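In order, the protein sequence lines correspond to chains A and B.
As numbered in my numbering, residues 1 to 418 make up the first sequence, in order.
As numbered in my numbering, residues 419 to 1612 make up the second sequence, in order.
These are calculated hints, taken from the structure and not from any lab test.
Since the model is a prediction, treat every value here as computed from it, not as a measurement.
Treat the hints loosely; a few may be bogus.
Each computed PhoX-like pair below joins lysine-lysine, with the alpha-carbon atoms no more than 25 Å apart [unchecked claim]:
#1 21(A) / 570(B)
#2 38(A) / 316(A)
#3 103(A) / 1099(B)
#4 298(A) / 1079(B)
#5 1089(B) / 131(A)
#6 366(A) / 378(A)
#7 413(A) / 860(B)
#8 1477(B) / 38(A)
#9 968(B) / 1039(B)
#10 792(B) / 699(B)
#11 539(B) / 103(A)
#12 1099(B) / 850(B)
#13 240(A) / 1477(B)
#14 905(B) / 413(A)
#15 1089(B) / 968(B)
Derived CB-CB ranges, DEER-like [as the list claims (entries may be wrong)]:
#16 631(B) / 207(A): 43 to 53 Å
#17 635(B) / 381(A): 33 to 43 Å
#18 284(A) / 1097(B): 34 to 44 Å
#19 1379(B) / 246(A): 40 to 50 Å
#20 1404(B) / 347(A): 50 to 60 Å
#21 173(A) / 693(B): 46 to 56 Å
#22 392(A) / 1604(B): 32 to 42 Å
#23 1423(B) / 246(A): 22 to 32 Å
#24 1006(B) / 376(A): 30 to 40 Å
#25 635(B) / 15(A): 37 to 47 Å
#26 91(A) / 596(B): 50 to 60 Å
#27 1447(B) / 43(A): 37 to 47 Å
No residue lacks a Cβ here, since even glycine has one placed at the ideal position from N, Cα and C.
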Amino acid sequence: MIHSLFLINHSGDIFLEKHWKSVISRSVCDYFFEAKEKAVEPENVPPVLQTPHHYLISIYRGKLFFLSVIQTEVPPLFVIEFLHRVADTIQDYFGECSEGVIKDNVVTVYELLEEMLDNGFPLATESNVLKEMIRPPTILRSVVNTLTGGSNVGDTLPTGQLSNVPWRRAGVKYTNNEAYFDVIEEIDAILDKSGTTVFAEIQGVIEACVRLTGMPDLTLSFMNPRLLDDVSFHPCVRFKRWEAERVLSFIPPDGNFTLMNYHVSSQNLVAIPVYVKQSISFFETGPCGRLDITIGPKQTMGKTVENMMVTIHMPKAVLSANLTATQGNYTYDIATKVLVWDIGKLNPQKLPNLRGSLSIQAGTPKPEENPSLNIDLKIQQVAISGLKVSRLDMYGEKYKPFKGVKYLTKAGKFQVRT
Amino acid sequence: MTTMQRLLQLPVNAVNMVKTVQSQVQGQEEDKSPVLTPDNAPQNWYSALQPDELRHLRSGGTGGGGGGSGSGGGSGGDQEERGPLEEGGGGGSFQTQPLRHDDLKEMLDSNKDSLKLEAMKRIVAMIARGKNASDLFPAVVKNVACKNIEVKKLVYVYLVRYAEEQQDLALLSISTFQRGLKDPNQLIRASALRVLSSIRVTIIVPIMMLAIKEAASDMSPYVRKTAAHAIPKLYSLDPEQKDQLIEVIEKLLADKTTLVAGSVVMAFEEVCPERIDLIHKNYRKLCNLLIDVEEWGQVVIINMLTRYARTQFLNPNINESLLEEGADKTFYGSDEDEDEDEEEKEKKAEATAMAKRKPYVMDPDHRLLLRNTKPLLQSRNAAVVMAVAQLYFHLAPKAEVGVIAKALVRLLRSHSEVQYVVLQNVATMTIKRRGMFEPYLKSFYIRSTDPTQIKVLKLEVLTNLANETNISTILREFQTYIKSMDKDFVAATIQAIGRCATNIGEVRDTCLNGLVQLLSNRDELVVAESVVVIKKLLQMQPEKHSDIIKHMAKLIDNIQVPMARASILWLIGEYCEHVPKIAPDVLRKMAKSFTNEEDIVKLQIINLAAKLYLTNSKQTKLLTQYVLNLAKYDQNYDIRDRARFIRQLIVPTEKSGALSKYAKKLFLALKPAPVLESPFKDRDHFQLGSLSHLLNAKAGGYQELPDWPEAAPDPSVRNVEVKESVPEWTKCSSREKRKEKKVEKPFYSDSEGESGPTESADSESDSASRSESASPSEESRSASESEESEEGSESEEEEEEEQEKDKKKKKKELSKPVQESESEQSSEEEERKHERKSKPRVQTKSDSESESDEEEEESESESSQSESEESESETEVRKKKKAAESKPPLKPVKKENKKESKKEMSLLDLDDFNPAPSPQVTPVNTFLSNSLVTDLEGLSLSDSVLAPATIAPSSALKNYELLHRITGEGLSVEYCFSRQPFSPDANMVAVQMQFTNSATSEAKNLHMEDVKLQSGMRVKEFPEIELLPAGETATAVMGIDFCDSTQAANFQLCTHTRKFFVSIQPPVGELMRPIFLTENEFKKEQGQLMGMNEITEKLTLDVKCRNEHAIVQRVTTAANLSRVPCGSDKECSPPVPPPKHPVHRFAGRTVTSGSLVLVTVATKEEGGAQLTVNCEKMVIGTMLVKDILLALTQ
């Protein structure tokens, strides 16, 4: 299975290596660097590369490459999924997955990698099991450790590996028992020039933060489960009950986790919360172009649209932008040719507008293509699909937990073509 | 100090070992070292330390030699050796090694754990950065037995990394792990095995082998899992061990815990993927465990099972592809299945014949696999989803493959790497099964922010999905893509348009026009790509498009991209008769620029010249000569060759042979239009989702996906005789249990087989120690009777044997747990013994007066002491007397009971004292044992899901009608509550359904649909019955969780033609399962369920129902409860004949919520009785009272 792992930063330094079988020289990464040169953008590096003796499967996360070396046939998704799990675990432990953090905690990361794979085959990937064996660093503990010379390796044995609910550790205790669920929906949409919807769908996720004592058995039911077209679950969810009754029944992991992902059935029309009027044009004569964008609310369910942001990848020829925004401010990065207009809250009375001229490099022909607009937005307290949690019940424990559900709608891959 | 001692305890042995193999090891070391030291840091620790090392070895060796085999000698030598060795750590370095690690060594040698820890952390950080830390090996390895867990772990990390390079020194640590392997804590055993097996040192192969074998039969599943992990490690270290390892794998494959399953299949795949025969017996188990295996294991198992299924089952689509060929085509609209058909054409003849002879029926095991993998499409793990998807793609009937599309489309939301792999596979799938993804067309629309490789793949999918109906939307979409900034992507789009145009005739002109428009694009790349594609399109119908060719001829002045220029030239040459005026002019221009052109363009110029010469030699003769002359002196020999060749061919000279006559035919032959194919065509001969598929090349270790067999291999190889049911989840205790069972087994099986003789022997020995009251005649009688009863049960068994073999299996299963239950009961030995003794006695009494009289005398003589105890009623006293009497001479009474009970076939607790008879001897005696059976079976992984028909209908079960023969048009369905635990879900009530097809035609695809339930209720559908021939009967089991309510479960029962609305409403008595309580426990529980929870009714017993037997039978028939053996702790003898007014108690729990249900029937004079039901659930209590009342009074 997975033979070795190299962590490579943006500039191509290998700053961590781990081998689960015999050592493979890091020169194997040269093939990868070659492909990386060729790809220009890091996203365009092929995830699977073939070299004379090995196969290289890599992921790109947090400006880092996780490059694994494979020697024999293995499902590529297996490796990719595992590498993402590694990145998730690092994020879970240290709050972020970046070069600096990994370098600061190199021993812990190395130990984690040791536990996660055995001979290249995943052994313990559940965060709760790992945390029993290797405790994540906290400020308090690191202070205590420096004073007492204590360690962050768990001294208890990882019994979680033995249980039949491996995602939950035994003997959890809290003084405040609470369970929070965030229903977050993202609108993926493509609007064409005239503003008509080419494609739109809603993807949702329920993120949970459960801090409950003991072994609670939770049941989460929805007012309108029929909305959900396609779902995927955390392993803790009992699939059969979902099939039969459309309720989520589960013994939750401790702490933060993703309970389910869902897709809202495509029959439902997706409410598009904003409309965009735009015109971007380049003139044949003279090195300039015009840009005029107005954004207004459309179907917002009576809530305010917040964190509005428009990102435009301009054609290479565009040198600079001289614009005025009625609301918010804009930046144009000459190096990456990205125009960002940060609007903030959308005011329905006074629609935000951005207009002005673009200057083009002299001597180049006018750009053929028009850039597309990527929209970001947030709407609090509403799930745009109308999904509602009806109740959360707890069995198996006596106390009364504090329960909370929050809704949030975001723009996912929301694109306006011009 | 202690660490030193530990270190040096084993060198005595290890060192000797080292000595013998040292030279060999050294040799290996040298061989390996260039590979093993990636960076060129001085990897000379070994040589540096060798002198010390040798000294150490020498002294160790002498120490060992002096002390003989004893470790004392070794430890005696410790003190002296300590110096040298420590020096060795530091001393080695001053010779060739820089002093850089001295501080670390000092820290490692210190007594403080914190210092050691700090040092180890720095060392591990070095390893992680890829720095060489091998020179610290001796200093580190000393700490292998360190008490501090973190230090220890880090030492392990270090050891595993460097052991391979420092083989001899690594051996010093082995004993620590060997000790760890014996640790009582399973986690320590596992971790020891894990590290031991990770040390890649060839010498310890035998040790590893031993450890693996031992761990494979460890009682902890976690250790067994680790053993499975260790197998591939050992295999890669020494492939010679394969045969032995296969044995271990075989053993572990039989393991029934989910923890082990994934790991052992992984080992199987690495070591012996060709031994598919090992899977047979475990196939069904693996299918059933699958959903509970951890995600990584699921992937491996599913991939393996895909291969397995390909060898064992028939192609589910074989009939379809043959019979519905035409229909298919019209449905999917185009040539989709063409390739498939082509492939099969050769086989078709024979296959058709076969198919016609026998209609395809899916093997139930094949169905099982499909059914059990389907829920995993909902996994959060993309690899699992992909694995299921490929399984369905390769194995499922065409009609069912569709389910995977949704899940795959969902994965497109995931990370871009996941998208990349998924799209590759979707691209392959869309070629074979386009219809599946058509509804999701828009999900493949491209965003400007997608990485290029994703865009290109989406484009591929969109192109594959294009057909007459959606082509206009797709083309519109393509138009926007052409404006993209990403030029590679634009080029790919143009090619995609070309492919759409070739595949779909209707849009060819539209596409062509669109592409021609692109010719005026400013971007040269776009134009060039368009030219190339147009060329291909024009080849299909050139005569219509002379104006396009003219247009393109004009382009030659502007386009610089060689490929495009070459394409234009070829076009003009090929269709020069359509553009007779322009063509010579183009050649003129080209002749002018010939020397500056790229090679491919030059070749096409020569081509053009030759063709023009042949068609229009008057105008172009000189030009051609000129071009050929230029080419003759070209730098490129290909071009020179070509020029020479063409000159010979077209310009007739006396030298030129016969070939020139055919020059026209050669050059102006009609060329077939190119077929624009997807690069993903035919990729599906690789297993989808595999690395090989992605690379379109066989990767190392790839296992070919076999073709479907022509005829299915024997399916019976997958039948499993259930030898013992190991409780699935009692992970830690399973071993003990098994042991217990093993111990008991011979005992029971003996008594089972020949209880007669054994018992008589028993009784004889007993009688010796006993009073004379038992006469020989009695004994012989008892023996004969027991034989009789045996025969009875045997004959029953025989009957059952005649039924399906599956049933037999079930029986075995049934009888086993009984034994287990016995063992459990034995924990309450004391009470139970009395009970056993006394109970049968009473019966005896009631029936055979003479004997009981005798006994009574005896009992009265002996019962005085018990009389002092409290008495509640006359009956009680009577009972107690019996009990008391039985107490002092335990054995005699026991024996007596035995024979007496044998005499009567009605025996309440026959199996209580003698487990031998099958639990189904009589319906009456099943209630207690059955309860235990069921309890225990709930624990075990029974195969009842697999073979639903196995549950033997008990005579006591009441059948209900689900579907009448008339309404069901010949299909009648009856159901009963089998009172077996429903193993897939303990909270469900098992409903056994019996389908009888009394119609004249067969019924197909019996399954459930559209289940309507009250909230909270759940149903586990019965497995689809593929075929029910006319006049046949089939049974199936489904599970319903009624949520402790008597609400009906409504659903549709579907056949291939009809749907019937049916509903199942449970009597309240079926909503519980029996539990075993002692009388004391019962009373205690009852005490807690007073007040509201207690319902009491007075009743008059039915005349026929005044003896105990009848009461018990009626109550247990009405409700699935078990009898509470009474008088257990107070030595009151239990059921006394009716006149004595006994109290009968029954206990159970509701199935879903597990609430206790306690029933008491206290009999009184004149058939009066009082019924008390205690149950937390008042509704259930009330209903139960009604039901039991009814049962007792009628």
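**Prompt:** Which earlier hints can't be squared with this structure?
**Reply:** Result: hints 3, 4, 5, 6, 8, 17, 19, 24, 26 and 27 break, sorted rising.
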